[in-house]
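Construct the complete structure from the given sequences, taking the supplied hints into account.
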Amino acid sequence: MTMENKPAGQNGLTYAQAGVDIDAGNLMVEKIKPLVRSTRRPGADGEIGGFGGLFDLKAAGFKDPVLVAANDGVGTKLKIAIDADIHDTVGIDLVAMCVNDLVVQGAEPLFFLDYYATGKLSPDQGVAIVSGIAEGCRQAGCALIGGETAEMPGMYRDGDYDLAGFAVGAAERDRLLPRGDIAEGDIILGLASSGVHSNGFSLVRRIVELSGLGWKSQAPFQPGATLGEALLTPTRIYVKPLLAAIRACDGIKALAHITGGGFPDNIPRVLPKGLAAEIDLPAIAVPPVFSWLAKTGNVEPNEMLRTFNCGIGMIAVVNPAKVDEVIAALAAEGEKVVTLGRMTRREKDGVIYKGQLAL
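Here the working numbering is used: position 169 in the sequence shown is 1504, and no number is missing along the way.
Treat the hints with care, as some may be off.
Said to hold, decoys possible - Straight-line C-alpha distance at most 30 Å; calculated DSSO-like pairs for lysine-lysine:
{"hint": "1", "residue 1": "Lys1455", "residue 2": "Lys1414"}
{"hint": "2", "residue 1": "Lys1630", "residue 2": "Lys1551"}
{"hint": "3", "residue 1": "Lys1551", "residue 2": "Lys1366"}
{"hint": "4", "residue 1": "Lys1608", "residue 2": "Lys1689"}
{"hint": "5", "residue 1": "Lys1398", "residue 2": "Lys1366"}
{"hint": "6", "residue 1": "Lys1575", "residue 2": "Lys1671"}
{"hint": "7", "residue 1": "Lys1551", "residue 2": "Lys1455"}
{"hint": "8", "residue 1": "Lys1657", "residue 2": "Lys1630"}
{"hint": "9", "residue 1": "Lys1368", "residue 2": "Lys1575"}
{"hint": "10", "residue 1": "Lys1414", "residue 2": "Lys1398"}
{"hint": "11", "residue 1": "Lys1689", "residue 2": "Lys1657"}
Bear in mind the hints are in silico, worked out from the structure with no lab data behind them.
Structure follows, in structure tokens:
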């Protein structure tokens, strides 16, 4: 019998026997094609499955564009998704963590790629994850133009997986943020978060462990939802309302995405030397989830502010003369906006707190 007509697998191992199921991967690709098509936008109307995704920058309508790129993951929030067996929301988180980092630089997200790695591929689980990614892309107005599904036996425990996302956007050169004219007296606005978002989940999981509750238990801070469902509330995507406000008036000078490190680590990233953000903590309507975490874990307020968003997922530094216009533009897009404070002169300490957080 020659090599050409020997039955497959006879007297030798196959890739499937080594733990990699190519057929399962192909099945998943076919199942997610309609999801990918639902994210098409001007500049991206191709199919997945090629060696690379294509995007026509001219079709997006830019005149003098600067490309802006970001990548991120979901962190240990994935452990809750895995343990609670809820996989259709973490894809939204994945997109949010990337595209929110684009819009703070004044960029419109154009396209997105994902990386999904697991020890044993489950097409149904993969489709649920990609359905969330597609939803996130639709919310952000960007196209899902490709990705990688990696089945790696021995690298992950049964049922475990990891996600990474990669987003590219563009901004007109003269509209990039932060601007260079941030000044004393500029107003600081806060945009509400949906909950914990995608940072601090190692501490969240430790607090849940101390509480003795399971993921199927009723959430003490959210009636009608299990603890797993409540904590897996997706990260808010701020792209469309912020772009609308940026385009409506010339009032926004800087934006800061409040992720890991909270206010003290993220706000100073967009501020010039010699200026600090003065934050009025009582102005923040702290969502119940943060009060529960603080009390159950006996977490100090300063640690809460350095770990979590505490109810504010995005910060805007605004020209005082344009504050009303910016708030109106954001409100028209359904945003809950709160005036948090102002910029003040300070050589040290990029963030200054006034009052106490109402935990």
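The hints, checked one at a time:
Straight-line distance between C-alpha atoms of lysine 1455 and lysine 1414 comes to about 16 Å, which keeps the hinted pair within the 30 Å bound. Distance restraint check for lysine 1630 and lysine 1551: the Cα-Cα separation of roughly 21 Å lies within the 30 Å cut-off, and the hinted pair is therefore satisfied. About 29 Å separates the Cα atoms of lysine 1551 and lysine 1366, which keeps this hinted pair within 30 Å; it holds. For the suggested pair lysine 1608 and lysine 1689, the alpha carbons sit about 21 Å apart, so the restraint of at most 30 Å is met.
Restraint check for lysine 1398 and lysine 1366: not satisfied, since their Cα atoms lie roughly 37 Å apart, outside the 30 Å limit. Using a Cα cut-off of 30 Å, the hinted pair lysine 1575 and lysine 1671 holds, with the two alpha carbons roughly 14 Å apart. Taking the CA atoms of lysine 1551 and lysine 1455, the gap is near 25 Å; set against the 30 Å cutoff, the hint holds. For the proposed pair lysine 1657 and lysine 1630, the alpha carbon gap of about 39 Å is over 30 Å, so the pair is violated.
Taking the CA atoms of lysine 1368 and lysine 1575, the gap is near 25 Å; set against the 30 Å cutoff, the hint holds. With a C-alpha separation of about 43 Å, the suggested pair lysine 1414 and lysine 1398 falls outside the 30 Å cut-off, and the hint is violated. Proximity of lysine 1689 to lysine 1657 is assessed by CA-CA distance (about 24 Å); at most 30 Å being required, the pair is judged to hold.
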